[in-house]
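K.L.:
Residue strings, one per chain:
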Amino acid sequence: MFTTACQEQLLPGETLQQKWEFAQSAGYGAIELRGRGDFHFRSRLPELRRALADGVVMPTVCVEMPHFLGAFDAELRRDAVEQMTSQLSVIGELGGRGAMTPASYGMFSRRLPPFEPPRSEAEDREVLLEGLTELGEHARREGVCLFLEPLNRYEDHMVNRLGQAVELIRETGLDSVRIGVDSYHMNIEEADPPAALLAAAPHIGHAQVSDSNRFQPGAGHLDWPAWLGALDAAGYDGELALECRLTGDPVEAVRSVPAFLARAAA
Amino acid sequence: MSAAASAAAASARTAPGAYGDRAASAPPPHRFPGRDERDRLRRGAHRVLLGNWTGASTVPSHGLYPHQWSWDSAFVAVGLRHLSPVRAQREVETLLGGQWADGRIPHIVFNSRVPYGAYFPGPDFWRSSTAGAAALGGPGAPRCVETSGIVQPPVHALAAWLVHLADPAASRRRGFLARVRPRLAAWHRYLAERRDLGGGGLAAAVHPWESGMDNSPCWDGPLARVAPAAPGSFRRADLAHGAAADRPTDLDYGRYVALAAAYRDHGYRDADAPHPFAVEDPSFNSLLIVSEYALGAMTRELGGDPAPHRERAAALTEALVRRLWSAEAGQFLCRDLRGGDGTGGRTGRVAGRGAAAGDGAGDTHVAPPGALVAERSAAGLVPLIAPGLPAHVTDALLRTVTGDHFGLGTRVRLLPSYDLRGTAFDPYRYWRGPAWFNVNWLLERGLRRCGASDHADALRAGVLGAAASSRFAEYLDPYTGTGRGTRDFSWTAALALDLLKGPDSGQECGEEVQPGAITSMSRAETPREPPAPSSESPRHMSPAHEPPPNPPPSPSPESTESEEGP
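As you go down the protein sequences, you meet chains B and U in turn.
Counting in my numbering, the first sequence runs from 1 upward without gaps.
Counting in my numbering, the second sequence runs from 1001 upward without gaps.
In short, the hints are calculated from the structure, not lab data.
Cβ coordinates follow ideal geometry from the N, Cα and C atoms, glycine included.
Heads up, some of the hints might be wrong.
[What the hints assert, rightly or not] Not close to chain U: a few residues of chain B, all C-beta gaps over 10 angstroms, as computed:
1. Glu8
2. Gln17
3. Ala26
4. Arg44
5. Asp124
6. Glu126
7. Asp192
8. Leu198
9. Gly220
10. Leu246
[What the hints assert, rightly or not] Derived contacts from chain B toward chain U, CB cut-off under 8 angstroms, selection only:
11. Pro113
12. Pro114
13. Glu116
14. Pro194
15. Pro225
16. Ala226
17. Ala233
Using the sequences provided together with the hints, build the complete structure.
P.N.:
Here is the structure:
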């Protein structure tokens, strides 16, 4: 049975403690934090330490920035790596497992005009390996992991499938770089999502869940029993972190997810 | 051990009774796996089923069996329903996509992406889309998908119903039953109208592969009349993936090829084909019985009248007992419709209690055609799954399961496919002795539905332990539990998963039977049927021939509704 986590912005309440109270009542076992840029996440440390002392479980942070480690612009890329370095340190201090980032988000899509990115595939790969290696080594020192999240083709042009992430991770040779899988992106990109989970099994470090339409699990048409069964068979025992849009009454939508996932994984 | 077997016990490996000594030490009862073991087993079974999924159906194994097999798919769906009800539904739907216009479900639906040479006999041998084409007066093979032309045991309706029960809401949303029920009904109609070759109400198999138990010693006699195809005229593909000692012999294979080619060359038209091999198999027909009840349950679920299905199931049950029961053997036997001297006698003698007795020859009734085959196969015990057997039959079957010939719980943990004391017993060779998981899954259901829950529990534990320790082997040496054949075999994983989910009543389709049908039937039988030499005489069998008067329609507490929802 997986523990379900909920990203903090989806939970009702002003403080992490209030959000945690609701989360627990709905059957969640953890909260996934969101890490903004400009070292905002680090600036929350006093708040996060208090929440930790009050028993809030916060194993992971998901980046929330306008640029990422695969940015075309060298300066933005450097900033992204510095921000992630900081976020890895913070989540390590909180006793968490790691921080999640895509290669990029919203920067370029080969499926939308102008179709041809300004950088070659070889250069993309070089940039990604450089960033992943630097962050992975830092994560290892902090005792946490960097989770690389493949996004669908409309949101990123570099890492869309688990197999691509596995190839990069193997190249770094670092156990501290792992895949953060996301059911929504996988549904678009993988020919057989459960088979893709099994193929990437040793490298999976984190899992985010939303349905085929990016709404909460249960609101779309994903084959959840098969997806969760594969994740379990892959040996994954981390959280299922809810990252989604909500349809219907938002509070009820959030409340519905742990029971839905538990039933699907039964 | 019989005298003949004793005499030969010390001789060569395949000699009669050569394995009798191994029976001296009874296997310890298998402990039911603990939680960690169950978790590992579940994950392992999931890995196998996800790995063998090809997008719309499951291959039995990627190397040895790279296409969709009919009864494999049904058993796979039974387990896959616990992992993904939607995939389990698609498994059944995909198989039915290969159904012929005359209703037959072919035993293989070929994957067009797999090279022809990967399996023999492949699409270029069967040539279904041409040889079986409706345009040429044939039975209407699909035009766009290649299949074989023979069938396998009709376990599909049972599987489809169990798949529905795993997630009735998803099933209704997808219109699963509404789509598959008419096709399954057509399948049963095909068997009733085109395959009652003996005229007695049972379906006949016209090729050993149709029984699912390809090289069972039961077929040695009937096959001996078949001239084999020349050794150089075909090339086996199975030996590239399996040890020759675990597989059927070349001579048997030559006969399989000759039979299939003859059927093909008659356009797969049952009325025209000579069918030199024609047998009534108790396992095949008891699966048809259970599936007929399942069709009834589906029909009721869809708002129709289940009574015709129940009546057909009851008639099949009556015919099964009348034609294939051997009181002498204490089990059902196969009937060789082309064998015997026309008197309906046996082709040989089965060792057992009352062995001097005849099998109904000499009574005043017209004997069925052909002859019972004097070989004890696990097929003869599978009818335990069928509701409504006379109590004396059930009792005798239970004794035979645990007796000297099959030794369940004393000499072996899993039921062997063939008589441990039979002259043809071979612990390695396919269906000539090894224990198979589908047969044991069926037996577990049969034991449970008959109330033999201690035996069922022990068998369940044994199956789960063997599935785990053998890495989901295709079959096992029944004595040692050593895996044989291929590994990561789909139905082994699927059926382990089903048993792992917990024992069920074995009566999901059984609402047509009175609650506690077996015991109520036994009360109707007074005095209790003696195991007497003449016990196969129809006058002694009358309770089995007459359905209980006006069975109440109320479902048993363990029927449909109890399983709704996962």
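K.L.:
Does each hint hold? Answer for all of them.
P.N.:
These are the hints, each one checked on the structure:
no.	hint	result
1	Glu8	holds (31 angstroms)
2	Gln17	holds (34 angstroms)
3	Ala26	holds (21 angstroms)
4	Arg44	holds (38 angstroms)
5	Asp124	holds (30 angstroms)
6	Glu126	holds (34 angstroms)
7	Asp192	violated (7 angstroms)
8	Leu198	violated (6 angstroms)
9	Gly220	holds (13 angstroms)
10	Leu246	holds (22 angstroms)
11	Pro113	violated (32 angstroms)
12	Pro114	violated (34 angstroms)
13	Glu116	violated (32 angstroms)
14	Pro194	holds (5 angstroms)
15	Pro225	holds (5 angstroms)
16	Ala226	holds (4 angstroms)
17	Ala233	holds (4 angstroms)
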